[in-house]
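There are 2 protein chains.
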Amino acid sequence: MRNAFKESEKAVIYRTIHERRDVRSQFLPDPIPNEVLTRLLAAAHAAPSVGFMQPWDFIIIDDLTIRQRIKANFDSENSKAACNYSDNQKNLYQQLKLEGILESPINICITCDRARGGKHVLGRNSVIDMDLFSTCLAVQNFWLAARAEGVGVGWVSILDHDLLSQQLNLPENVYPLAYLCVGYVSEFLTEPELATKGWRQRLPLEQLIHYNQW
Amino acid sequence: MRNAFKESEKAVIYRTIHERRDVRSQFLPDPIPNEVLTRLLAAAHAAPSVGFMQPWDFIIIDDLTIRQRIKANFDSENSKAACNYSDNQKNLYQQLKLEGILESPINICITCDRARGGKHVLGRNSVIDMDLFSTCLAVQNFWLAARAEGVGVGWVSILDHDLLSQQLNLPENVYPLAYLCVGYVSEFLTEPELATKGWRQRLPLEQLIHYNQW
Numbered sequence: 083m084r085n086a087f088k089e090s091e092k093a094v095i096y097r098t099i100h101e102r103r104d105v106r107s108q109f110l111p112d113p114i115p116n117e118v119l120t121r122l123l124a125a126a127h128a129a130p131s132v133g134f135m136q137p138w139d140f141i142i143i144d145d146l147t148i149r150q151r152i153k154a155n156f157d158s159e160n161s162k163a164a165c166n167y168s169d170n171q172k173n174l175y176q177q178l179k180l181e182g183i184l185e186s187p188i189n190i191c192i193t194c195d196r197a198r199g200g201k202h203v204l205g206r207n208s209v210i211d212m213d214l215f216s217t218c219l220a221v222q223n224f225w226l227a228a229r230a231e232g233v234g235v236g237w238v239s240i241l242d243h244d245l246l247s248q249q250l251n252l253p254e255n256v257y258p259l260a261y262l263c264v265g266y267v268s269e270f271l272t273e274p275e276l277a278t279k280g281w282r283q284r285l286p287l288e289q290l291i292h293y294n295q296w
Numbered sequence: 083m084r085n086a087f088k089e090s091e092k093a094v095i096y097r098t099i100h101e102r103r104d105v106r107s108q109f110l111p112d113p114i115p116n117e118v119l120t121r122l123l124a125a126a127h128a129a130p131s132v133g134f135m136q137p138w139d140f141i142i143i144d145d146l147t148i149r150q151r152i153k154a155n156f157d158s159e160n161s162k163a164a165c166n167y168s169d170n171q172k173n174l175y176q177q178l179k180l181e182g183i184l185e186s187p188i189n190i191c192i193t194c195d196r197a198r199g200g201k202h203v204l205g206r207n208s209v210i211d212m213d214l215f216s217t218c219l220a221v222q223n224f225w226l227a228a229r230a231e232g233v234g235v236g237w238v239s240i241l242d243h244d245l246l247s248q249q250l251n252l253p254e255n256v257y258p259l260a261y262l263c264v265g266y267v268s269e270f271l272t273e274p275e276l277a278t279k280g281w282r283q284r285l286p287l288e289q290l291i292h293y294n295q296w
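The listed protein sequences correspond, in order, to chains D and S. With our numbering applied, the first sequence corresponds to residues 83 to 296, in that order. With our numbering applied, the second sequence corresponds to residues 83 to 296, in that order.
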């Protein structure tokens with residue numbers, strides 16, 4: 083079919099998509115060269131966005147003091163989360179490593195400026211959260227490009243975002259959508275860790291497909 | 083660096099990311115073979131999700147009557163949106179083609195089941211919308227894999243989502259996150275249409291990068 087990539091090129095895309103992992107434990111301290119980081123950010127910036135709003139900004143955090151504060155934010159939220167579980171599930175939860183804030187050489191917060199582009203952003207009239215959704219697409223571009231570069235990425239979602247906004251000095255209209263731990267890794271695991279550790283298994287794709295209606 | 087792809091393979095990833103477009107106008111009627119569609123859906127299903135929740139489902143819509151109803155939903159919302167603009171901007175807005183619901187051979191709604199995985203999904207305690215954000219990552223996997231297959235994708239965000247939920251018979255806990263027009267295309271435009279038509283230009287990446295704090 084015209085416009086399609088060659089079979090060998092398609093295979094690279096699928097390999098990237100299927101070998102991408104959420105990394106928490108395998109970070110190496112090696113610095114990421116500037117030209118690599120710039121390629122990753124340019125990949126994120128090439129994401130589609132509602133009304134070409136491009137609502138994202140990228141905060142690159144290597145300062146250890148700031149990261150320690152954000153780690154404390156995580157610890158506090160994670161303790162609260164652990165209380166949702168009991169018995170064996172609580173034990174398993176507490177054994178899972180869920181972030182690499184201090185072990186990764188840099189953290190990157192991808193934010194969403196909810197006021198960018200003015201009051202009436204094209205395509206955002208019916209669903210106001212399209213700006214947040216657009217920013218997620220940038221996150222996934224970053225994540226996939228990073229896999230190809232051998233760079234691991236882990237999204238830390240167990241954070242009080244109001245506190246995180248203060249910790250990063252964000253303006254009122256800017257939301258800290260994705261807090262990412264970023265660095266080269268010793269290996270990419272072959273399967274998602276939550277599956278191999280018995281927390282939850284992959285759903286069969288065929289159960290998730292519907293035709294014309296639910 | 084270990085785990086990195088070869089330079090030629092990295093180039094394929096970046097090419098996919100930079101040549102992906104939001105398609106509204108270039109759809110061809112050619113059907114998408116089942117094996118291609120299955121690869122695209124498997125790519126979406128390989129996205130990361132909070133707590134391995136995998137909250138997505140895929141509704142593949144080819145029924146013309148259903149698509150006509152959804153086109154009417156778009157027309158109604160789009161008329162309302164046009165009222166946000168005046169003079170030259172309104173003229174330009176009304177000339178933009180913003181969906182390909184009927185011209186594309188299939189539409190796919192990627193939904194988010196907000197109740198999947200039970201009450202306490204790992205990693206979703208602090209930010210309840212992490213399930214929606216995860217579903218967006220699946221959308222971008224789909225979109226990029228489609229580009230490599232020569233398949234165009236356009237996200238229609240100008241829809242009343244309550245009405246869309248009715249039109250697709252969604253259960254109460256399922257949100258119609260992304261309504262996509264999907265099909266082979268005559269060409270992928272070299273630049274985003276909103277830029278070439280003068281609606282809005284790409285922001286310089288360097289303006290979007292911050293160090294350690296905003």
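Keep in mind that the hints were calculated from the coordinates and are not lab data. These figures come from a predicted structure and were not determined experimentally. Treat the hints with care, as some may be off.
When chains are identical, the list treats them as one kind, so a pair holds in a single copy or across two.
Using 20 angstroms as the maximum straight-line C-alpha spacing, the simulated SDA-like pairs for lysine to any residue come out as follows [what the hints assert, rightly or not]:
no. : residue 1 : residue 2
1   : Lys88     : Arg121
2   : Lys279    : Asp242
3   : Lys88     : His100
4   : Lys153    : Asn294
5   : Lys92     : Asn116
6   : Lys92     : Arg198
7   : Lys179    : His202
Hints and how they fare:
1. Lys88 <-> Arg121: between (23 angstroms within a copy, 15 angstroms between copies)
2. Lys279 <-> Asp242: Classified as neither; 26 angstroms inside a copy, 41 angstroms across copies.
3. Lys88 <-> His100: both (18 angstroms within a copy, 17 angstroms between copies)
4. Lys153 <-> Asn294: between (45 angstroms within a copy, 14 angstroms between copies)
5. Lys92 <-> Asn116: between (28 angstroms within a copy, 16 angstroms between copies)
6. Lys92 <-> Arg198: Result: close neither inside a copy nor across copies, 35 angstroms intra and 32 angstroms inter.
7. Lys179 <-> His202: Between copies only: 17 angstroms across, 42 angstroms inside.
Taken one by one, the earlier hints fail for this structure at numbers 2 and 6, listed in ascending order.
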